[in-house]
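**Student:** Starting from the known structure of chain A, arrange chains B, C and D with the ligands on it as the hints suggest.
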Amino acid sequence: MPELRKTPMLDQLLDGPFPSFVKEIKKGAEKNEACNDLLGQLELSYEEKITHWKHGGIVGVTGYGGGVIGRYSDVPEQFPGLTEFHTMRVNQPAGWFYKTDRLRKLLDIWEKRGSGLTNFHGATGDIILLGTHTDELQNVADDLAHEGWDLGGSGSDLRTPSACVGPGRCEWACIDTLDIVDTLTRRYQNELHRPMWPYKFKIKISGCANDGVAAKARADCSIIGTWKDNIQVNRTEVVNYVNGGFDIIGQVVDKCPTKCISYNPVTKSLSIDDNNCVRCHNCINKMPKALRQGKINGATILIGGHAPILQSAFMSWVVVPFMEMKPPYTEISDLLEKIWEWWDENGKMRERTGELIYRLGMRSFLKATGLPAVPQMVLHPRTNPFFFWDKEEVNQ
Amino acid sequence: MPELRKTPMLDQLLDGPFPSFVKEIKKGAEKNEACNDLLGQLELSYEEKITHWKHGGIVGVTGYGGGVIGRYSDVPEQFPGLTEFHTMRVNQPAGWFYKTDRLRKLLDIWEKRGSGLTNFHGATGDIILLGTHTDELQNVADDLAHEGWDLGGSGSDLRTPSACVGPGRCEWACIDTLDIVDTLTRRYQNELHRPMWPYKFKIKISGCANDGVAAKARADCSIIGTWKDNIQVNRTEVVNYVNGGFDIIGQVVDKCPTKCISYNPVTKSLSIDDNNCVRCHNCINKMPKALRQGKINGATILIGGHAPILQSAFMSWVVVPFMEMKPPYTEISDLLEKIWEWWDENGKMRERTGELIYRLGMRSFLKATGLPAVPQMVLHPRTNPFFFWDKEEVNQ
Amino acid sequence: MVKTDFGPPKYLDMMSDLCKRNYGKWKYHEVLDTGTLVHVAENGEKLYTVRSATPRLIHIDTLRVFCDLADKYCNGFFRFTSRHSIEFLLEDESNIEPLKADLHAMGYSPGGVGNTISNMLHTQGWIHCHTPAIDASGIVKAVMDEVFDYYTEAKLPARLRLSLACCLNMCGAVHCSDVAIVGIHRVPPKVLDEKVAKMCEIPNVVAACPTRAIRPEPAKKSVVINDEKCMYCGNCYTMCPAIPIFDPKNDGAAIFVGGKVSDARHPAMFSKLAVPYIPNEPPKWPTVVKTVRMLIDVYAKDAKQGERYGEWINRIGWERFFKVTGLPFTDKHIDDYIFSVPTFRSTATFKW
Amino acid sequence: MVKTDFGPPKYLDMMSDLCKRNYGKWKYHEVLDTGTLVHVAENGEKLYTVRSATPRLIHIDTLRVFCDLADKYCNGFFRFTSRHSIEFLLEDESNIEPLKADLHAMGYSPGGVGNTISNMLHTQGWIHCHTPAIDASGIVKAVMDEVFDYYTEAKLPARLRLSLACCLNMCGAVHCSDVAIVGIHRVPPKVLDEKVAKMCEIPNVVAACPTRAIRPEPAKKSVVINDEKCMYCGNCYTMCPAIPIFDPKNDGAAIFVGGKVSDARHPAMFSKLAVPYIPNEPPKWPTVVKTVRMLIDVYAKDAKQGERYGEWINRIGWERFFKVTGLPFTDKHIDDYIFSVPTFRSTATFKW
Ligand code: SRM
Ligand code: SRM
Ligand code: SRM
Ligand code: SRM
Ligand code: SF4
Ligand code: SF4
Ligand code: SF4
Ligand code: SF4
Ligand code: SF4
Ligand code: SF4
Ligand code: SF4
Ligand code: SF4
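Chains as they are written, first to last, in the working numbering: chain A, 1 to 396; chain B, 1 to 396; chain C, 1 to 352; chain D, 1 to 352.
Don't read these hints as lab results, they were simulated from the structure.
Label pairs and their computed distance ranges (CB to CB):
#1 E30/A <-> D390/B: 41 to 51 Å
#2 W352/C <-> Q78/B: 53 to 63 Å
#3 D227/D <-> N226/C: 29 to 39 Å
Cβ coordinates follow ideal geometry from the N, Cα and C atoms, glycine included.
Same shape as in the complex, but just chain A (with noise of 0.2 Å):
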């Protein structure tokens, strides 16, 4: 094992507060030379301010199409250990809930087989094996497997579903996040192993309007769990906020957004205007105690979420207001299959879901869909006069 590699503009990245990267890469330094080099090609970006990693050739595992990342250094005469560099990607247990003696495992692997080190987690969820040749893929692959990890998605497939943490420890979960990001990934293992739409697709799934896996931001389906009936009040912890100080009129009666609760200062209690609530959960989640949510509970389902590119990030928007959600699921994958079919069938290459809309339009969308137009799709209606006509709705 020769020298670590010398790194004086990294090493002012080991103290301070904060857990140091640059650390965990030594780490692996001392015992594995492509961390050793990721350290030296790493200070060189430094240096120059620039990356050193090239566009991946396609590369990849047995019966899989996506699941891993090419990646080779543009300086590997410098830095051998990084002439193939390629990042795995491996589903995460729903939540990521994890049993160390079940995670031991995958990291005895991938010490035996990468380069040690890991993101736990990647952006979109899946647990990332950093650093591995063309010619341990398979192996890794294998090794996973029989210890019962199975690959992620990458390219133009389904990538792995996330969801919050839900039922498995938050009060506020109005649907089964994990349950149903579980279902959705063994159901559609083929569409998230095997590439073959216009573009990446992308599940999130959040217990609530609070939205912990930032699913409107980042899911072409993102699916939110709300509820139907009256918020439940329980009048007691009302006024035991109310005696512990808490502000009731500045943090819950003032930023309701619909101005919906009302609060009498002499009964000390506290009533909502359910009929005008939007849900959107802050009463509840300042005063946890006090307030939960209603018993019939289900998901408002939304579509087209992506990041900005080509034409602009979109969150997702409403397509079907309230969805009960109970296993098996059917409504939901019904809803699915029919919005890839139809974007498979229209989708230019590299047209995200949403965009396909933009482009053809939300009527098209609902024709293929069969969903119903109902205003809560919108925050208002159109404002200008150009809307479609169908043959069968003029006078011929």
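**Tutor:** Here is chains B, C and D with the ligands on its own, set in the frame of chain A:
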């Protein structure tokens, strides 16, 4: 004079409390054949649910490129009086003020040389003389000129500017709307009368944020009066309002968009945090005796408004938050001329100023006009990361 | 040689001495009733205004009667408003009632001041335009007859601005009105190949189409329209008379609501689509009239004092608007033009 | 033959009995301190969570230490959060302090719960990606060191979500973060004609450009870029490695602020541009760090209790934001992309 046309459908619009336009046409029909034919053709349109006017060939008046809208019936055999039935646009006096002796002269000319039908006024603001023959156009124009009435705009030119009543009869005019509209109209006679641009350009001027001439919605350049200092509060009058039973909380305090008004019910005093006032004008509207605008007056200049064709309706947007508006109004003229030059150079045929800015970016507009970028121009900064850098701004 | 380019009559020449004396020196105003205002100047002088809606399409003889009234009561001075109302400007308070009586006698009722419906903005329609999908004056007459009580009585929560445009060109500020009626087409225009070849510039016609539905057909020296892409804006027809877009069976009116231009309280807003289509029903357009009446009644009943139409809807939400009006929400209501995406509801918050 | 398509480990197999027993039966939670939560189940059972930010780029040996701690204090169970924090799930309250001590000893401080800055979302940067304009991990480390007090102490008006993406692809939810750092390029890519001819599909490259800045150059079997139209998105480079867009002299970071994804109070919002460009200054990016610190300090001082970053700006107005932060407003801040017009201020209401 033949009999009045039979108009059983139109006759149903003779009664009712609102004054009847059919009655007006019938008045004309009694002495003018074209009006009688208009009745007939309109009745035909009512039967067939379709217009019977054709696209205009170009007709006009010597020395003028605009001011006349050519109009021809598509059923001239049935309605010979409408074979040619052109509209003339006559520039109204600022604020639509009339002295009867001056107006009677105009009416006499139109009795002699036209149908006798008018619009007081057209949507842009002109006096509309509705319907005459091609060979009368020059005569009408000459006779009008003799009495001091000049033509308005049409085609790809400056359209007749208009302004709210302003200082003529309103206490809220922060700028001299009438003098400004009059000055600009006289200054830009050439632009008004000789189409030479990519498309039309409209100027509208309102004395305050109430925007009584709907400038923001329908002018390429919208000039709105405002003030820079503090709202003047008359404490005695505040008390009078309250004592008179006025709901000061509901109509003023709660409706202030920035919540910068506070009212003390004990002292019956109202105070305004002018630093956070956005000059929406509501509080002043509601208590005209108690509140008056500040004393440092000027205008906000907004650019880009127009109707939906082609890219959706635009409302004008802020390009100069505050401009002093003192005669001879050089600053606004300078700006207008720079805009016209840039638009003339870069605009496509039938591209309104706002659409050109949309296509080339505010960046390009600001460069052409020399205006500085200020946050008042936007509701919020961009959300996408796709911004441009000039060659001079980057390191070569 | 006749003089040109001398400009409009000078406004000061059209103003009474009282107005000129107090020009820019008004202190405050009061609404005396729904047809009458008084403006008080710094020096205490008062100017009374009696306002009446007009049909805008006026014969010169009617204008002469207005002149007579102005001579009788106003020293010969009057004005029109930005919404085509007439305003008589009186100096002598005692002239108000006689003037009103004379107006009534000629079929004009003062109104439109304060929290009322003022005069209804509109356009040419079948009277004088070559592109309308609906008439203008006839619908305005029928609508104003129906809602006349809201014009003479101050029983609305705030002022309500009605307008009408007979085609998508939307002459007038229709796109920012409380309630607006707009003429629409619903089928693509027909291309009359031979006429196109003779009358039109093919490149201009192709360029005119905002949705790129038109392509040249060089063989015929004409163009072809892709019906799927056409949204019937009529812009090609404006460029080329050989592509007529009229269809009596399918033309009709759409209704938009909730716009405003003042910045009071809430900044100016565009009107939004409420009803995509009502067929033409001359001479009295009963369905349009009934719908407008309903739209106003619901607002009058449900809105809070001081709330304009759009502010009311903002408060209750569009979900509720469609519920309380009973109007159906359709795919037409969902924007699919250039700026559509920001109008989509990217939040799970809404009312059921 | 190895099995495929069997899916991830079942989550229930990764959960403690206590969690399984109370699955979906949590009643409420309390924040014990900025690193500790307790969740109380319907049946009264309690689950304690100790959270710590991680650098996300973690070596397996560190993960093994986490496993050791989980074995020691949590019966072998822990989880990660959607922001890459680690959460130890304890059943025994008395284990909290010893666990925290062990974490501190290994350089990890509990924090990020409640009104704090939680872990900073980020991406690959120079560690592993081929398109970054900035590094990821290095900037995150430098920024988090600087704002660490906001991570451990609850002194913000509301939670604050920091994130970073190293290029415009914006991996992560950077476009909806309270404060976001984004890597940008500022000069058009260079076309390496010979390589393009060999490596790339010309039609795909042309189609990739959102502003139509690229046209084919058939002579060279390559393409030409119209520099005027290019806004440096790098999308052509993604399609074709022979069009590199890097420029160490000009690449750097932009800062966006005011986004959120929760719908609490105000619906989710996009982040908006605050600072168009700060050059790359490795290893510690002092200007980025100073700017982020300033942006947070100003907010911490000026916002009202319960107001997220964007809600604060909505209240005071962007005019004021630029005033109180002292940041210059430039033409870059004014949108000129597809949905620009609705962001323009079509009202005369604003603050000076
Ligand atoms: C690894 C990861 C970043 C990370 O450090 O966590 C990542 C890395 C890359 N992303 Fe991403 N994206 C990652 C999550 C995301 C997310 C967030 C999410 O999924 O929740 C987004 C935003 C949401 C979205 O999908 O829009 C995201 C939006 C993009 C885009 C822009 C897509 C768009 O519509 O705007 C691209 C560009 C592309 O697809 O060509 C992209 C492309 C890429 C590529 C493949 C670069 C490329 O052009 O080929 C990067 C490979 C880096 C490498 O060498 O490992 N990545 N990417 C994330 C995946 C890890 C995982 O599987 O868990
Ligand atoms: C007469 C008038 C309507 C009325 O009954 O009052 C009118 C009538 C016509 N307008 Fe208009 N416009 C009239 C005010 C407006 C306004 C309102 C305004 O100026 O305040 C607008 C909206 C504001 C704007 O300019 O955008 C307006 C927006 C249009 C448009 C759409 C422009 C756009 O950018 O969307 C067109 C179409 C065009 O220019 O080809 C148009 C075109 C037309 C044409 C010339 C029809 C055409 O396609 O050639 C109409 C001639 C009718 C006729 O035979 O008399 N007219 N037009 C108004 C002019 C009277 C006057 O001079 O006082
Ligand atoms: C005469 C006229 C100006 C002119 O130059 O002709 C005028 C005159 C007055 N307006 Fe107006 N406005 C006039 C068109 C407008 C318009 C334009 C329009 O309707 O197309 C608007 C914008 C409407 C909109 O937002 O859609 C307008 C929005 C206002 C407002 C703000 C209303 C609001 O709360 O949104 C006020 C203030 C108020 O009434 O509280 C106002 C107030 C006034 C005052 C009280 C101003 C004053 O002190 O003299 C005048 C009498 C108002 C009344 O009728 O009760 N005026 N005013 C216009 C009369 C048109 C008509 O025939 O009815
Ligand atoms: C663990 C985690 C879910 C998971 O599946 O991993 C989680 C857990 C909780 N969140 Fe969250 N949220 C988590 C990511 C998020 C996200 C997503 C993100 O940050 O990318 C959001 C949206 C943030 C945004 O709007 O940009 C989020 C917005 C909220 C909110 C709404 C905050 C607001 O007022 O806007 C609450 C309610 C509150 O705190 O009042 C909340 C409340 C909670 C509660 C109290 C829920 C509960 O009863 O258990 C949990 C502890 C909160 C705390 O840290 O104080 N959680 N939460 C995530 C922790 C990430 C981390 O490491 O910090
Ligand atoms: S999104 Fe809602 S249900 Fe999910 S963890 Fe956050 S607060 Fe709990
Ligand atoms: S959930 Fe939101 S909208 Fe509903 S009552 Fe609570 S604060 Fe108001
Ligand atoms: S816009 Fe303002 S100044 Fe002009 S008439 Fe209306 S209220 Fe008066
Ligand atoms: S003008 Fe408008 S913003 Fe200013 S104090 Fe009055 S109501 Fe408030
Ligand atoms: S709205 Fe259309 S049809 Fe009506 S006058 Fe204007 S251009 Fe003509
Ligand atoms: S009507 Fe409009 S959309 Fe249809 S072809 Fe003509 S220009 Fe194009
Ligand atoms: S943000 Fe860009 S540079 Fe960073 S990981 Fe994603 S694709 Fe790569
Ligand atoms: S960087 Fe983006 S805008 Fe520039 S040429 Fe490439 S694809 Fe087009």
